[in-house]
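These are the residues of each chain, in order.
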Amino acid sequence: MTPSLYGRTFLRVSALAAATLASVGSVYAYDIPTSPELVANATAEDWASFSGGAQLKLDGSAASYQRRHQHEEAGFGGVDSFRVSSTVFGDRILRIDGKAIVGDNEYLVRALLKDENNGWYVDAGYKESRVFYAGTGGYSPGGLWIQPHDDQLALDRGELWMEAGFDKDAWTFKIRGSHKYRKGQKDSTMWGDSVYSGLGTTARKTVPALLDIDETRDTIEIDLGYVSEKFEAGAGLRAESIEVENKSTILRNPGQANPSGSGQRYQNTYTGSESDLFSAHGYVVSYVGDRLTLSGAASQTTMDTVLSGDRFFAATADGVYDPRFPRGNTAHGYNDLHGDTQWDQWVIVGNASFVAGKDWTIVGGLRYENQSQDSFSEYIETAGPASAPLEEPFEQEGEREFDEVLATIEANYTGIDNWVFTPFVEYAVGSGSLVEEQMEGHAPAAVLVLDRDTEFDRDYLKYGINGRWYPTTWFNGALGAYRKERNNGYDTLERVLPGDTSRYPAFIDDQDFLTDDIYLKGTVRAMKGLSLTARWDRMRTTIDTTELAHQGTVSSDQDIDIISATVTWVATSRVSAQVGANLVYDQMITGSVSANTAVASSVAKFSSDYTTYNAIVMVALDETSDLQVDYYYYSTDNVDANYRLTLPYGMDAREDVLGVTYTKRLNADVNIALRLVMSDYSEPSSGGYMDYDSQMLYGRLQMRF
Amino acid sequence: MMNMRKRRWARFVIPGAVAAWAAAVISCTSVNRVMVVPPSIPGATYVGSDDCSACHEAVTKKFAGSTHSKLHVNGGNAQEIGCESCHGPASVHVQNGGGLFTIVNPGRNPDTCFQCHVDKRGEFSLANAHPVMSGDMSCSDCHSPHEGKASDGGAQLTTVSDGCVKCHAAQSGPFVFEHEAAREGCTVCHSPHGSVNQKMLKTRNATLCLQCHSQVQTSTGIYIGSRDHASFLGQGTCWSGGCHEAVHGSHASQSLRF
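Line by line, the protein sequences give chains W and S. For the first sequence, my numbering begins at 1119 and goes up steadily by one. For the second sequence, my numbering begins at 89 and goes up steadily by one.
It is worth saying that the hints were derived from the structure and are not from the lab. The structure displayed is predicted, hence computed values, not measured ones. Built from N, CA and C at the ideal position, the CB exists for glycine as well. Heads up, none of these hints are tricks.
Label-pair restraints from in silico Cβ distances:
| no. | chain 1 | residue 1 | chain 2 | residue 2 | range |
| --- | --- | --- | --- | --- | --- |
| 1 | S | Arg196 | W | Leu1666 | 47 to 55 Å |
| 2 | W | Ala1398 | S | Glu168 | 37 to 45 Å |
| 3 | S | Thr133 | W | Leu1597 | 27 to 35 Å |
| 4 | S | Arg196 | W | Lys1723 | 40 to 48 Å |
| 5 | S | Lys254 | W | Lys1348 | 29 to 37 Å |
| 6 | S | Asn184 | W | Lys1723 | 56 to 64 Å |
| 7 | W | Gly1640 | S | Asp316 | 50 to 58 Å |
| 8 | W | Lys1301 | S | Thr133 | 45 to 53 Å |
Result set (DSSO-like, lysine-lysine): computed pairs, CA atoms no more than 30 Å apart in a straight line:
| no. | chain 1 | residue 1 | chain 2 | residue 2 |
| --- | --- | --- | --- | --- |
| 9 | W | Lys1646 | S | Lys158 |
| 10 | S | Lys149 | S | Lys208 |
| 11 | W | Lys1476 | S | Lys150 |
Could you build all of it, start to finish, from the sequences and the hints given here?
Structure below.
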């Protein structure tokens, strides 16, 4: 049977389906379709791929649609991928890659110049991609809807870079400079409060906050490496400059009058920092005979950060500080926060891999880490009523240091035919100290309001085993289990100060985390073309907490079960299908130290259960065209008492997505694709304000040349 | 509700039925084609991992200690276990000297990873997930499939959380007032592959914090720390506006209020 001239397309289409099932309409190419004939005689290495998409219909929340499908609601289009390569300056290779999708804001241009004979290269480029967010919220079960900000939000990530290096004989060298940025707006779950809660007059915090993100990171890296048959070594340096200029905007008590200072107001918080980071590392690897490999590495990193910030309340999101603006409860602010932090880290690791016998390999490792940090800041706190505003200076300092040693050992045993076992143990122990001080007031009348020294120790143990079994060529199974224990102890010496009510972490005396995890997986190839992979994961995590002056309690008990399966069926030479499912049961129960009374607003239980199904059918219509039909289903229903008491969003939702894709090869190097996606999302727990019903049409033209 | 369901199904069933009918009709014609599913390469056969090391020695040399190397067993039943388990049959790739499109690259397409990690497909398909499905991220951005621990854990220079702060600089600190939970790692509060809760949180309300900050119920209220929180717990989350917004750490408030 002749392999399909277009068979590669189905690999592509399947990949496309994986993307489109959730991010519907991601028609951007992972690869270009290629036939076996072209593959076998591949000489052309250049291509261009154009794609675009538009709404046929969009009813409901555009912000919700954009978040889910990661496409601009107004449509998108452009070059989703191109490559041009040629030989220049003799036999050097120049390759240009690019992408430019307007609307979705996906851009790339990259140039690679490579001299394979002499081993050097230069790589430079620019890329940017966008993630859409929905700032939708403000729904109260009473039916009121509050939308304080534009809810169609997006955040762009980008990088501009240049790299040069060589890989010649035994030596490698790389120098790379890059400028990364993250800029835009996203929603935040630092919810604002509203009395329109549907629960009487009780304020409820369900109004989404807005984050303005402006972060940059400039990096220069230099790496040098040497490789011989028995020895490897390398060293690297990294210098970074990180700048953060972020702002959060929270609308408090929307719609309420403001006579007493507890009405509508914007809480504007500006957070800034400038960090300089320097890191150096080195490593050696020695191959001692054929059975023993030894390696070691060390790194040292320092980071100095200068802080800045303001937080105040105003009538608008872009307002300025006014000391007489009514603030209301929990409305402390600060002006002119400034300070600095220093952070140092040492890490030393050593590893050994020993082939103990024909069927045994043992790998052991040690890791030592030391971290220390000093932080200092001061600001003017703003509080008090509008008629008598207070401005009080505060300054605070924190010092922290800890050491930790981690030891790991792992064995791999293959002594039984068609079995492999991998037992492992990890153990870590560490200790450190934390000193915190806070002063309030003007000198010389300033008073110490916090004076706390904490000594802490931690130990961690994880052990388990993984096994894999291939009893036949048509079935294999895997089983794994581990237990993870972490014990944290705190010894806090706190000077009791006037008005001090003792705060975290001073309250926690001891905390023990325990996780038991098991998974079981099987793959059956029942007949030619039909395979099933099924997996069951179970995890249980408990946290035992002992607080000062109280008995210990199980403060958290979480159970997670995940059942997942995929069936793949190549039914005939022309039809294949894949069906998958994920059933997730996830419940967390939080305990209380005592239960002398039942308080109505207690929060004790939360579920994150959900179900997803996905299916895809691919059919070869003829020698040049394919049809794909895919379907995705998602549902979650975790409505219980907490729904009324706390935060409703997303507790009850359902999504159906149906896609149909037609692909046609016009000639050996050109193909086109059309994709229609119908999507329906409903979320009663957001009062229907996140719902949408959409139909989207996408097209793609791909060419090789 | 019933009408909504009927409308929903009508919206999907009709186009689906049309598509199925079209496929059924067309399948009656004769087409000389072969379907492939990942990781597969049309026309290629398995050649074994030894051929891979001829060009990719830097990768294969370190592969022995990787998580994925533990798929290998002695005996004859585990056929085709090796590089081609994930990258697809490589005969064509070898024949033409490593040409483009002749090998599967899971770094650009998560479908291969999902063949074994079947639960991750569902998690990444959720609305609150890292953008792997849209192609803006790949599994290999966080995991190293060819060497050591799959997430740079164990005896490595870096830790799991170091991978997170590569992109999330503002959350990395250090802060004057630390949140101790950050030392346990980002995954104490976040599910990095995807969650039904916003911001990939493990839970969406106060239970997230109550895991560690246990409630002390008395006849007068619910105490967390030294303060009665009974009237606060029903208001939303602990990190709501005006309460404990600075969950990753604070330069101003010992209670992480802001």
